[in-house]
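> If you want the building blocks of each chain, they are given just below.
There are 2 protein chains.
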Amino acid sequence: MWFPHYRLNKSMTYFARYLPILDWGRRYDRSAFSNDMIAAVIVTIMLIPQSLAYALLAGLPPEAGIYASIAPIVLYAIFGTSKALAVGPVAVVSLLTASAIGQVAETGTAGYAVAALTLAGLSGAFLVLLGVLRLGFLANFLSHPVIAGFITASGILIATSQLKHILGISAHGHTLPEMLGSIGAHLDQINLVTVVIGLSATGFLFWVRGSLKPLLKRLGMGPLMTDLLAKAGPVAAVASTTMAVWIFDLHGVGVKIVGDVPQSLPPFTIPGLSPDLIKTLLVPAILISVIGFVESISVAQTLAAKKRQRIDPDQELIGLGAANLGAAFTGGFPVTGGFSRSVVNFDAGSETPAAGIFTAIGLTVAALALTPLVYYLPNATLAATIIVAVLSLVDFSILRKTWGYARADFIAVAATIALTLIMGVEVGVASGVGISILLHLYKTSRPHVAEVGLVSGTQHFRNVKRHAVETNPNILTLRVDESLYFVNARFLEDLVHSRVTAGCDIKDVVLMFSAVNEVDFSALESLEAINLRLIDMGVGLHLSEVKGPVMDRLKKSHLIGDINGKVFLSQYDAWVSLTR
Amino acid sequence: MWFPHYRLNKSMTYFARYLPILDWGRRYDRSAFSNDMIAAVIVTIMLIPQSLAYALLAGLPPEAGIYASIAPIVLYAIFGTSKALAVGPVAVVSLLTASAIGQVAETGTAGYAVAALTLAGLSGAFLVLLGVLRLGFLANFLSHPVIAGFITASGILIATSQLKHILGISAHGHTLPEMLGSIGAHLDQINLVTVVIGLSATGFLFWVRGSLKPLLKRLGMGPLMTDLLAKAGPVAAVASTTMAVWIFDLHGVGVKIVGDVPQSLPPFTIPGLSPDLIKTLLVPAILISVIGFVESISVAQTLAAKKRQRIDPDQELIGLGAANLGAAFTGGFPVTGGFSRSVVNFDAGSETPAAGIFTAIGLTVAALALTPLVYYLPNATLAATIIVAVLSLVDFSILRKTWGYARADFIAVAATIALTLIMGVEVGVASGVGISILLHLYKTSRPHVAEVGLVSGTQHFRNVKRHAVETNPNILTLRVDESLYFVNARFLEDLVHSRVTAGCDIKDVVLMFSAVNEVDFSALESLEAINLRLIDMGVGLHLSEVKGPVMDRLKKSHLIGDINGKVFLSQYDAWVSLTR
Numbered sequence: 001m002w003f004p005h006y007r008l009n010k011s012m013t014y015f016a017r018y019l020p021i022l023d024w025g026r027r028y029d030r031s032a033f034s035n036d037m038i039a040a041v042i043v044t045i046m047l048i049p050q051s052l053a054y055a056l057l058a059g060l061p062p063e064a065g066i067y068a069s070i071a072p073i074v075l076y077a078i079f080g081t082s083k084a085l086a087v088g089p090v091a092v093v094s095l096l097t098a099s100a101i102g103q104v105a106e107t108g109t110a111g112y113a114v115a116a117l118t119l120a121g122l123s124g125a126f127l128v129l130l131g132v133l134r135l136g137f138l139a140n141f142l143s144h145p146v147i148a149g150f151i152t153a154s155g156i157l158i159a160t161s162q163l164k165h166i167l168g169i170s171a172h173g174h175t176l177p178e179m180l181g182s183i184g185a186h187l188d189q190i191n192l193v194t195v196v197i198g199l200s201a202t203g204f205l206f207w208v209r210g211s212l213k214p215l216l217k218r219l220g221m222g223p224l225m226t227d228l229l230a231k232a233g234p235v236a237a238v239a240s241t242t243m244a245v246w247i248f249d250l251h252g253v254g255v256k257i258v259g260d261v262p263q264s265l266p267p268f269t270i271p272g273l274s275p276d277l278i279k280t281l282l283v284p285a286i287l288i289s290v291i292g293f294v295e296s297i298s299v300a301q302t303l304a305a306k307k308r309q310r311i312d313p314d315q316e317l318i319g320l321g322a323a324n325l326g327a328a329f330t331g332g333f334p335v336t337g338g339f340s341r342s343v344v345n346f347d348a349g350s351e352t353p354a355a356g357i358f359t360a361i362g363l364t365v366a367a368l369a370l371t372p373l374v375y376y377l378p379n380a381t382l383a384a385t386i387i388v389a390v391l392s393l394v395d396f397s398i399l400r401k402t403w404g405y406a407r408a409d410f411i412a413v414a415a416t417i418a419l420t421l422i423m424g425v426e427v428g429v430a431s432g433v434g435i436s437i438l439l440h441l442y443k444t445s446r447p448h449v450a451e452v453g454l455v456s457g458t459q460h461f462r463n464v465k466r467h468a469v470e471t472n473p474n475i476l477t478l479r480v481d482e483s484l485y486f487v488n489a490r491f492l493e494d495l496v497h498s499r500v501t502a503g504c505d506i507k508d509v510v511l512m513f514s515a516v517n518e519v520d521f522s523a524l525e526s527l528e529a530i531n532l533r534l535i536d537m538g539v540g541l542h543l544s545e546v547k548g549p550v551m552d553r554l555k556k557s558h559l560i561g562d563i564n565g566k567v568f569l570s571q572y573d574a575w576v577s578l579t580r
Numbered sequence: 001m002w003f004p005h006y007r008l009n010k011s012m013t014y015f016a017r018y019l020p021i022l023d024w025g026r027r028y029d030r031s032a033f034s035n036d037m038i039a040a041v042i043v044t045i046m047l048i049p050q051s052l053a054y055a056l057l058a059g060l061p062p063e064a065g066i067y068a069s070i071a072p073i074v075l076y077a078i079f080g081t082s083k084a085l086a087v088g089p090v091a092v093v094s095l096l097t098a099s100a101i102g103q104v105a106e107t108g109t110a111g112y113a114v115a116a117l118t119l120a121g122l123s124g125a126f127l128v129l130l131g132v133l134r135l136g137f138l139a140n141f142l143s144h145p146v147i148a149g150f151i152t153a154s155g156i157l158i159a160t161s162q163l164k165h166i167l168g169i170s171a172h173g174h175t176l177p178e179m180l181g182s183i184g185a186h187l188d189q190i191n192l193v194t195v196v197i198g199l200s201a202t203g204f205l206f207w208v209r210g211s212l213k214p215l216l217k218r219l220g221m222g223p224l225m226t227d228l229l230a231k232a233g234p235v236a237a238v239a240s241t242t243m244a245v246w247i248f249d250l251h252g253v254g255v256k257i258v259g260d261v262p263q264s265l266p267p268f269t270i271p272g273l274s275p276d277l278i279k280t281l282l283v284p285a286i287l288i289s290v291i292g293f294v295e296s297i298s299v300a301q302t303l304a305a306k307k308r309q310r311i312d313p314d315q316e317l318i319g320l321g322a323a324n325l326g327a328a329f330t331g332g333f334p335v336t337g338g339f340s341r342s343v344v345n346f347d348a349g350s351e352t353p354a355a356g357i358f359t360a361i362g363l364t365v366a367a368l369a370l371t372p373l374v375y376y377l378p379n380a381t382l383a384a385t386i387i388v389a390v391l392s393l394v395d396f397s398i399l400r401k402t403w404g405y406a407r408a409d410f411i412a413v414a415a416t417i418a419l420t421l422i423m424g425v426e427v428g429v430a431s432g433v434g435i436s437i438l439l440h441l442y443k444t445s446r447p448h449v450a451e452v453g454l455v456s457g458t459q460h461f462r463n464v465k466r467h468a469v470e471t472n473p474n475i476l477t478l479r480v481d482e483s484l485y486f487v488n489a490r491f492l493e494d495l496v497h498s499r500v501t502a503g504c505d506i507k508d509v510v511l512m513f514s515a516v517n518e519v520d521f522s523a524l525e526s527l528e529a530i531n532l533r534l535i536d537m538g539v540g541l542h543l544s545e546v547k548g549p550v551m552d553r554l555k556k557s558h559l560i561g562d563i564n565g566k567v568f569l570s571q572y573d574a575w576v577s578l579t580r
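Going line by line, the protein sequences match chains A and B.
Under the working numbering, the first residue of the first sequence is numbered 1, with each subsequent residue one higher.
Under the working numbering, the first residue of the second sequence is numbered 1, with each subsequent residue one higher.
Same shape as in the complex, but just chain A (with noise of 0.2 Å):
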């Protein structure tokens, strides 16, 4: 068949860009296969009881855990651009899981974890779809800081969630004062062996991450070693505290336990789809979707910059969709690329996504060989080490640093984390970003005009309060710094007028364009309103610096042909023409 190259090659390009793994795949080799392994397998170890937990966090079986890491981790692996990231449940997103269905179903019962596969699809299909528009800038409306107080604020929420079962008791709640009168009202149930095993770990899982590597260090061990050690305190934790149950049978003296998990490959589900389930959690998907993807990128964009690798965020979306969609299909919920997940695979050395397939291979033996193990795992070790996890995440310094630098900032980050805390994660977030958004639209609504004047021998032009500038009566110059366009339009006007209005000399006014980005239509209204003002009062107006996309866009208006005066390429022009 007469096929042209052109043409073939053509489209292998347009597949690749969608199927990143055809081009890294296309060069695979036994050193990138070695090196993959090895990280597999020390990310399999450290995601089983990972996984477990989260679940937990969530309201889930603990399965629903491990089979969220099996099918997402390869769909991305397939379709992102990350070569490090590890994607499964994460404790952020498990949070929110947890808070959406929480809404719909009781925890433990099957409507519960439908509405999880629910959540899951919708958030797939969502992030899928902002992928394919390629709207992964959307992303950029969570500034940092809102980013920093939300999940300082959720780490918080995060770690409220697990002192239950550090207690051995039943509470609930998705606020910070729910979770604590909850708990307030049950301490009555308090079982001392729970709080026991869970204090033990708690205490061990801290000892571990802070002060372990150094005494290796100290006892001369090597780094690997250490690393390894370190990483491997978690498992250490599960497998002592469950020994201890099993030996002494503590479940009998009420130790709440992990239990019968089935031995089985992740089954194939169908989320649910009643009108009223998707109404329900409609909301809450984008938000998991956008805090998801936004937590993803960082991780991933952070990993990429130490191997000047390059991150594709519209192909993000869609890897990350797939991921969720995969995790909808069988028995999962919401996932996202994880922080901790992603730095051990990429510290263990993994070269390429297969590392991710590698690991689902892993997880799919121990969901059918190992679960048995932990039967006797106490929920409080789950719980020690979910604490542990997310109190490294929460980071007040955020707030000092904003309020000495912008006091906008401040409001932001201090609001984000007040009422995620106060009124749950969703208003949280949804906030921050609304509060982020106002208060800039606020800031150029009144912006900063400056009237400048020349810096003497040079041709430069600045602001008359700040600097020994020269100046003449006749000649009114403001500096604009701020686009133009309908919030500020008006103020413009406002200012022009009272100016004019009070220096009774004023023969000419230059609007000095160099700070102005745009000029939209309401703005141009304004200009015009200006220019009739002045041609009444008998007053030049003349622009300068104009920006050549600025001026392209004035080009099709009236105002040019209208204008009582001249367009200057610079303020200079301007200067040296009316005053001579």
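Please keep in mind that the hints were generated in silico from the structure rather than gathered at the bench.
Please read these numbers as outputs of a predicted model, since none were measured by experiment.
Any given hint could be a false lead.
Note that the list lumps identical chains together, so a pair holds whenever it fits in one copy or between two copies.
[What the hints assert, rightly or not] As a list, the in silico DSSO-like pairs of lysine-lysine whose alpha-carbon atoms are at most 27 Å apart:
# : residue 1 : residue 2
1 : Lys306    : Lys217
2 : Lys306    : Lys507
3 : Lys231    : Lys306
4 : Lys401    : Lys556
5 : Lys256    : Lys555
6 : Lys307    : Lys443
Position chain B against the provided structure of chain A, taking the given hints into account.
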């Protein structure tokens, strides 16, 4: 009693700020009084049919329209700052009222009237709150094109809503498809006599508006008389059709008439305060407040500009809020400053808000004595006055103008018009605002960044792609044409990275900040990341033309200390220093 003069003076100023009447009231004289009286008589005559008509549009009994014109006009005269604004029921706000109350009660029921009072009360309270908090600038979030599109679409909706009165049928609906569908389904009810009255009145009023003035002028009549006769058009239509119905007993053949209107002072009423009602009406009340405020302030500022008077937007909020609270307690419904009535007031020569008080007195007399005269007034005539008034608001030219100037503005207008017609007024205007803001944020998320070079023989730098300029292969100068904030922080990071890695000879990067009006915390972190990356690559990072306010802020951070280069006052300084 001893009373220090300065204190008296200070407290007078304080009161005068919230009570502008104290200011103009002290200077009131005989000349102003006679001018105000003449204006009041003209406005009163015009307001009677208009008030009845807008009550009909809002779905309320006719007297509500008169009541809504009495107390509000007096309260605005006390608290408002415009000398010419006439406050009362207006077309768009009446339509919004019908749409909002239609959700909670059936037209004609007691619940409907109470809901109208509650809506006016909530709107009044909200406006006063905004005024006290000095948040008048929020109205700027409605861009000119969005307002123009909304007014046009509302005009079409209002005219369509009146078709049922012209046809003599019953129909309902709050969107164009609903209304047209409902009219189509009730076409069998058409009353031919009503149609004749309705079409004659409409035709007559269009003729008065379009052709009467030129005709009278050709007949040699003076401009004042011409104007007066043209304005008497609606009164003539009301009088003649009322007479026709009375003489020929057309009510007997099915022509719907205004009927009994109580002869009474405005009653004292109490708005409904049930939490459910308030919850349902809160969002519509906010919307009505904002739209009413925008309409009112536009009219007030247009008229004030003609006489070089000042309008205080925050005090206007208080004036309109007081007017609406007044409507809520005197049997009215939401009101605002109307365009047509204010222009009549202005043209008739009103000098102070006292003209409004005299108008209120005139309307009170009408409410007490003249209501029996409108017993036989056909609804079709009122509908005709509304249709002719609102069709003058319909103006699609904004679509053509924005299309030619800026696509983003066009999209906002087109979406506002389409969504208002198809989904209703609330969705339409909310979408218009939302879309404007999102499009603005989208534009700033991918800012224009120009590589600039020196314009020979000057100290001025322009885009290398648009001008013949001097450049140096070792220096990359980027002029960032946008404030740097969270929405575009990562964009700059990626851009600098890709530009520096693309050109291998680059030794220095200069970011020219002449158009950067803000650097928020997210952008600061990006600049720090850019700096660290350039240090790694052995490339210098310099800033030039940083504005005062931006520099003040940057000095609070580590960036200026850590930067791998210098901060230059002007780009020319940077060029001279780096090329030496």
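> Hint by hint, note whether the structure agrees.
Hints, verified against the model:
1. Lys306 with Lys217: Intra 25 Å, inter 82 Å, cutoff 27 Å: intra-copy only.
2. Lys306 with Lys507: between (59 Å within a copy, 22 Å between copies)
3. Lys231 with Lys306: within (21 Å within a copy, 77 Å between copies)
4. Lys401 with Lys556: between (45 Å within a copy, 10 Å between copies)
5. Lys256 with Lys555: Classified as neither: same-chain Cα gap 74 Å, cross-chain 56 Å, threshold 27 Å.
6. Lys307 with Lys443: neither (38 Å within a copy, 31 Å between copies)
In this structure, the earlier hints numbered 5 and 6 are contradicted, and the remaining ones agree with it.
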